[in-house]
Amino acid sequence: MLLTRKPNGASAIASNQNPDTSSNSLFVHSLRRGLAHAMPTMDRRSFLRRSGLGVGVGLAAGQLTLMRKAQAAPGSAPAIGAGKVEVRRTVCSHCSVGCASDAVVENGVWVRQEPVFDSPINLGAHCAKGAALREHGHGEYRLRYPMKLVNGKYERISWDTALTEIVARMQELKKASGPDSVYFIGSSKHSNEQAYLLRKWVSFWGTNNCDHQARICHSTTVAGVANTWGYGAMTNSYNDMRNAKVAMYIGSNAAEAHPVSMLHLLHAKENGCKVIVVDPRFTRTAAKADEYVRIRSGSDIAFLFGMLHHIFKNGWEDKKYINDRVFGMDKVREEVMTKWTPDKVEEVCGVPEAQVLKVATWMSQNKPSTIVWCMGQTQHTIGNAIVRASCILQLALGNVGVSGGGTNIFRGHDNVQGATDVGPNPDSLPGYYGLVEGSWKHFAAGWGVDYEWIKAQYASPAMMFKPGMTVSRWIDGVLEKNELIDQDSNLRGVFFWGHAPNSQTRGLEMKRAMDKLDLLVVVDPYPSATAAMAAMPGRPEDQNPNRAVYLLPACTQFETSGSVTASNRSLQWREKVIEPLWESRSDHMIMQQFADRLGFGKELSKNYKMQKVKGMDEPVPEDILREINRTNWTIGYTGQSPERLQAHMRNMGAFDVTTLRAKGSVKDKVNGYDIAGDYFGLPWPCYGTPELKHPGSPNLYDTSRHVMDGGGNFRANFGVERDGQNLLAEDGSCSKGADIATGYPELDHVLLKKLGWWDELTPEEKPKAEGKNWKTDSSGGMIRVFMKNHGCHPFGNAKARALVWNFPDPVPVHREPLYGNRADLVAKYPTHKDIATFWRLPTLYKSVQDKNVADKVAEKFPFILTSGRLTEYEGGGEETRSNPWLAELQQEMFVEINPKVAAEKNIRNGERAWVHTPTGARLNVQALVTERVAPDTVFMPFHFSGRWQGADMLPYYPAGAHPVVRGEAVNTGTTYGYDSVTMMQETKSTICNVEKA
Numbered sequence: 001m002l003l004t005r006k007p008n009g010a011s012a013i014a015s016n017q018n019p020d021t022s023s024n025s026l027f028v029h030s031l032r033r034g035l036a037h038a039m040p041t042m043d044r045r046s047f048l049r050r051s052g053l054g055v056g057v058g059l060a061a062g063q064l065t066l067m068r069k070a071q072a073a074p075g076s077a078p079a080i081g082a083g084k085v086e087v088r089r090t091v092c093s094h095c096s097v098g099c100a101s102d103a104v105v106e107n108g109v110w111v112r113q114e115p116v117f118d119s120p121i122n123l124g125a126h127c128a129k130g131a132a133l134r135e136h137g138h139g140e141y142r143l144r145y146p147m148k149l150v151n152g153k154y155e156r157i158s159w160d161t162a163l164t165e166i167v168a169r170m171q172e173l174k175k176a177s178g179p180d181s182v183y184f185i186g187s188s189k190h191s192n193e194q195a196y197l198l199r200k201w202v203s204f205w206g207t208n209n210c211d212h213q214a215r216i217c218h219s220t221t222v223a224g225v226a227n228t229w230g231y232g233a234m235t236n237s238y239n240d241m242r243n244a245k246v247a248m249y250i251g252s253n254a255a256e257a258h259p260v261s262m263l264h265l266l267h268a269k270e271n272g273c274k275v276i277v278v279d280p281r282f283t284r285t286a287a288k289a290d291e292y293v294r295i296r297s298g299s300d301i302a303f304l305f306g307m308l309h310h311i312f313k314n315g316w317e318d319k320k321y322i323n324d325r326v327f328g329m330d331k332v333r334e335e336v337m338t339k340w341t342p343d344k345v346e347e348v349c350g351v352p353e354a355q356v357l358k359v360a361t362w363m364s365q366n367k368p369s370t371i372v373w374c375m376g377q378t379q380h381t382i383g384n385a386i387v388r389a390s391c392i393l394q395l396a397l398g399n400v401g402v403s404g405g406g407t408n409i410f411r412g413h414d415n416v417q418g419a420t421d422v423g424p425n426p427d428s429l430p431g432y433y434g435l436v437e438g439s440w441k442h443f444a445a446g447w448g449v450d451y452e453w454i455k456a457q458y459a460s461p462a463m464m465f466k467p468g469m470t471v472s473r474w475i476d477g478v479l480e481k482n483e484l485i486d487q488d489s490n491l492r493g494v495f496f497w498g499h500a501p502n503s504q505t506r507g508l509e510m511k512r513a514m515d516k517l518d519l520l521v522v523v524d525p526y527p528s529a530t531a532a533m534a535a536m537p538g539r540p541e542d543q544n545p546n547r548a549v550y551l552l553p554a555c556t557q558f559e560t561s562g563s564v565t566a567s568n569r570s571l572q573w574r575e576k577v578i579e580p581l582w583e584s585r586s587d588h589m590i591m592q593q594f595a596d597r598l599g600f601g602k603e604l605s606k607n608y609k610m611q612k613v614k615g616m617d618e619p620v621p622e623d624i625l626r627e628i629n630r631t632n633w634t635i636g637y638t639g640q641s642p643e644r645l646q647a648h649m650r651n652m653g654a655f656d657v658t659t660l661r662a663k664g665s666v667k668d669k670v671n672g673y674d675i676a677g678d679y680f681g682l683p684w685p686c687y688g689t690p691e692l693k694h695p696g697s698p699n700l701y702d703t704s705r706h707v708m709d710g711g712g713n714f715r716a717n718f719g720v721e722r723d724g725q726n727l728l729a730e731d732g733s734c735s736k737g738a739d740i741a742t743g744y745p746e747l748d749h750v751l752l753k754k755l756g757w758w759d760e761l762t763p764e765e766k767p768k769a770e771g772k773n774w775k776t777d778s779s780g781g782m783i784r785v786f787m788k789n790h791g792c793h794p795f796g797n798a799k800a801r802a803l804v805w806n807f808p809d810p811v812p813v814h815r816e817p818l819y820g821n822r823a824d825l826v827a828k829y830p831t832h833k834d835i836a837t838f839w840r841l842p843t844l845y846k847s848v849q850d851k852n853v854a855d856k857v858a859e860k861f862p863f864i865l866t867s868g869r870l871t872e873y874e875g876g877g878e879e880t881r882s883n884p885w886l887a888e889l890q891q892e893m894f895v896e897i898n899p900k901v902a903a904e905k906n907i908r909n910g911e912r913a914w915v916h917t918p919t920g921a922r923l924n925v926q927a928l929v930t931e932r933v934a935p936d937t938v939f940m941p942f943h944f945s946g947r948w949q950g951a952d953m954l955p956y957y958p959a960g961a962h963p964v965v966r967g968e969a970v971n972t973g974t975t976y977g978y979d980s981v982t983m984m985q986e987t988k989s990t991i992c993n994v995e996k997a
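According to my numbering, the residues represented by the sequence shown are 1 to 997, in order.
A hint or two may mislead.
[Stated by the list, open to error] Within a straight-line C-alpha distance of at most 20 Å, the following computed DMTMM-like cross-link-like pairs (lysine to aspartate or glutamate) qualify: (1) LYS339 to GLU317; (2) LYS481 to GLU452; (3) LYS320 to ASP850; (4) LYS245 to ASP290; (5) LYS481 to ASP542; (6) LYS833 to ASP850; (7) LYS788 to ASP748; (8) LYS367 to ASP318.
Calculated directly from the structure, the hints in this document are not laboratory data.
All figures in this text were calculated on a predicted structure; none of them were measured in a lab.
I would like the entire structure built from these sequences, with the hints used as guidance.
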């Protein structure tokens, strides 16, 4: 008798079922169909590759079935090049590695796909998610039509009705409560062009109340890294890790979260690279490690400073590097040598001195060495400090700005890097331009609109310059007392524009906040858990009888075109694969249609041509990118013209797989652009105008290269001195070939004149550069003169900051989480004081921690609850759990518990268990008994939703638009807690109890 699982996770006895309907038989029939259709078209390379996979028949069959031809459905969208078979090159829409895929389109139908063997990033590989992309585009569980919640059920309405009613409600809220009463949650799934346009769109609405997923995955990285040495991004590349001699993964499970990135690590191992994995859980990445270190969740600073203790004690630090390029390391040394002795390190993080010393020795004696981190470091109340501790370790070893070194920070979503760079951040305009008058005027000029007109859209001039709320706290924007909020009104309307609510903490309170809103709009290819949460009955006291809820079907990224930025900062251009299915519309078309009805459509698209899609106007993505190129000088999003990016995509095989550099002169057959000298994807910063032909920067801060060869130095962004000490780089510490061989401030018109280089500007450039700095000179002339003529970096040449004086803890400090199971350590390592107003809201720290200690909460909830990723699913999981190929691979939400705990709780592997948290949440999940976790820790993946405290939410989804696999969301139960700089949510160190169900 064969025990199988139904798609919804329920068990079924398959042997007595109809053989044509059992899941096992369906799988066999799929295999036969796949073989029948795939084998005749298989070339020798494909055959050899597949026949040599050396894995189970399940995976081989899955790959083959993905190759079978799909038939055009009756009434399908018009074909791209009807009657032709075309190959469209796109990029995986899941994690941030940036794997390229060739989609074969026949008569408008995406019939099969192939990973791109020429891609220097994925080298012809895909993980399970990437191999199932076609189903994402043609998925049968997508939201097909606009819908409205009526009497607890979703009903189909027309686009015209939806837009008319939503706009009317928005205008009512704006008139009654001001523009800040509506909150806009953007998406890290948007292309660069869509993310940029949304920030522009929100600005024209008149608010800074906007944000996206980066807030809850890597905002602490961006803040911590940018405030250390200049830019908040991955310093090197996946490919460059091949040059590392040691790679330390700390808070990163790349084997599951970024599977294809492991290709480059395995190549590094072949070259002798040692691998260290530091994690509370023994992960699949740890299985590839030469040394696995188990630490207590949230104790990263103790471990990293424990390593530094041994490094300083033995004199292993790079003294010249520190002298020339680092400020404040003496303060770090004092902290490390006095407070982080081996006994204190072991007390806090649980790692014995011998192992800390071993890892410190490896990193110090085998350089260059690199550090990789992900959300295991970032999602803490001290996330910014943990990130900076990793940066400081690399600075002490001289590992930043060198090939094979750096801090390789793997981002989550396919365009979370780009959306962060140019998208809807509440505290900045695109390109991290601050919310100050000069920035607004710069963008007003770039957008071709009057600065005073933009200002008039805001509730007041003060609100134009005030950072908005963060997506992690929109709940409190609804629920908090109005007198405690730093804006006129509580939030009354929220747009979920491509965002999963189950990826945020405090799910019970989020449900309450949703119920109290006047307007809730979901724009997504899949309805997301928001739809079900909104329709599910809540507490009577939270119900708003006037609430309106709408679902708008957005296109996937395969139904439009645009650029996307991988974690290594390389940009890639996605071709449009298929026409928009059903009644879906692209996100930028929807933005334009809202803008037209709200009265600022002409201003929004003033610089763009329109193209017809399904007979409707849609802004041309290439034109939006050109506007990005003309405005985003700060981070070098100016050189990546559509033509350059498209030429790279068509000529991937011409780039070296280690250096990412074009191997020679190759002229694109379509637009004639010669890629010679370029690095693949023109990784930002790619400075100056496209005509300057800057090649991009594969490794940041690398002084061994000329700035016109991708070289650089640390950014002068924090002044020229501090407490009488020099903040600029020392003499001789400069990029190769620089005419200024010492430190210097950032470039502006005054400096250019003092240096005698002003007359190197053209007559056309001088008026645009007058009174400006390199970030606001719209001609790009100042950058051209400084970089090309003189080999100097426009953002100056300074020292990195080991001491960040503008942060709550200038030297990183370990602080215990608000909800912890070690009350004995709270007195020694207490959290921050409460903050009355922070990002427009009061934020609690010490009061919550003290109450938990006083109430002995840890005795009721003795286990650390941490969360993470799975290979099969991504993000909130709604789209991947709606994919039948992926749903087959992982059918249950689960909790990992140690065998010792399982024995004490009488829970056997595979049985149901209840996970209880201090919020009052009760999650019913399957138990996975494993030594992957220590006895004090439990682990749950965060990709699930669709079940709520034991109940299936299927009745509350729109008919036909629900995920195949549904499970409890771990964040239904996660607790309060936010980073002291960015409002990053705490997900990796809360507490729970587990009981047999």
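**Message:** For LYS833 and ASP850, compute the direct alpha-carbon distance and say whether it is at most 20 Å.
**Reply:** Within the cut-off at roughly 11 Å; holds.
**Request:** Assess, step by step, whether the Cα of LYS339 is no farther than 20 Å from the Cα of GLU317, and give holds or violated.
**Result:** 19 Å, holds
**Prompt:** Is it true that the CA of LYS788 sits at most 20 Å from the CA of ASP748?
**Reply:** 16 Å, holds
**Message:** Check the hint pairing LYS245 with ASP290 against an upper bound of 20 Å on the C-alpha distance.
**Reply:** 12 Å, holds
**Item:** Satisfaction of hint between ASP542 and LYS481, Cα-Cα up to 20 Å
**Value:** 15 Å, holds
**Item:** Hinted pair LYS481 and GLU452, Cα distance within 20 Å
**Value:** Distance of about 33 Å is beyond 20 Å: violated.
**Request:** Would you mind confirming whether the straight-line C-alpha gap from LYS320 to ASP850 stays at or under 20 Å?
**Result:** 45 Å, violated
**Asked** For the pair supplied as a hint, LYS367 and ASP318, is the alpha-carbon distance within the 20 Å limit?
**Response** 11 Å, holds
In this structure, the hints that do not hold are numbers 2 and 3, in rising order.
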